[in-house]
Amino acid sequence: METAKMSKIPTSTQHPMAHAKVSTLPQRQMAGLACPQCHTFIPTTITELLQSMALVCPSCRLRLSIDTQKSQTALQALGKIQAAQKRLEYP
Numbered sequence: 001m002e003t004a005k006m007s008k009i010p011t012s013t014q015h016p017m018a019h020a021k022v023s024t025l026p027q028r029q030m031a032g033l034a035c036p037q038c039h040t041f042i043p044t045t046i047t048e049l050l051q052s053m054a055l056v057c058p059s060c061r062l063r064l065s066i067d068t069q070k071s072q073t074a075l076q077a078l079g080k081i082q083a084a085q086k087r088l089e090y091p
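With the numbering used here, letter number 28 in the sequence shown gets 28, and the count goes up by one each step, no holes.
The set of hints was computed from the structure by calculation and includes no laboratory data. C-beta: ideal position from N, C-alpha, C; glycine also.
So the derived label-pair ranges between C-beta atoms look like this:
1) P91 to I46: 15 to 21 Å
2) Q37 to L75: 19 to 25 Å
3) L88 to T40: 26 to 32 Å
4) C38 to Q85: 28 to 34 Å
5) P58 to R87: 27 to 33 Å
6) S59 to L88: 30 to 36 Å
7) I66 to P91: 30 to 36 Å
Work out the full structure: start from the sequences and follow the hints.
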């Protein structure tokens, strides 16, 4: 008959990550997209997407046009997100 090996359980009740540094501040991630031609990250903002007609890749200079007619639903959603962010930042 085979016996199971028991590993010693640490006697400390403290979690191994107890001393890990945890930030309570929200992390801001850069918004943008990858260029479909060269895959370079194209940074942008909601404001830029709502106001501009195109984005330009900083690396290969590819111009990405924004079709406002076809993107109407997405642009309206971005407008709502932008308004909500402003309410959170400046209550």
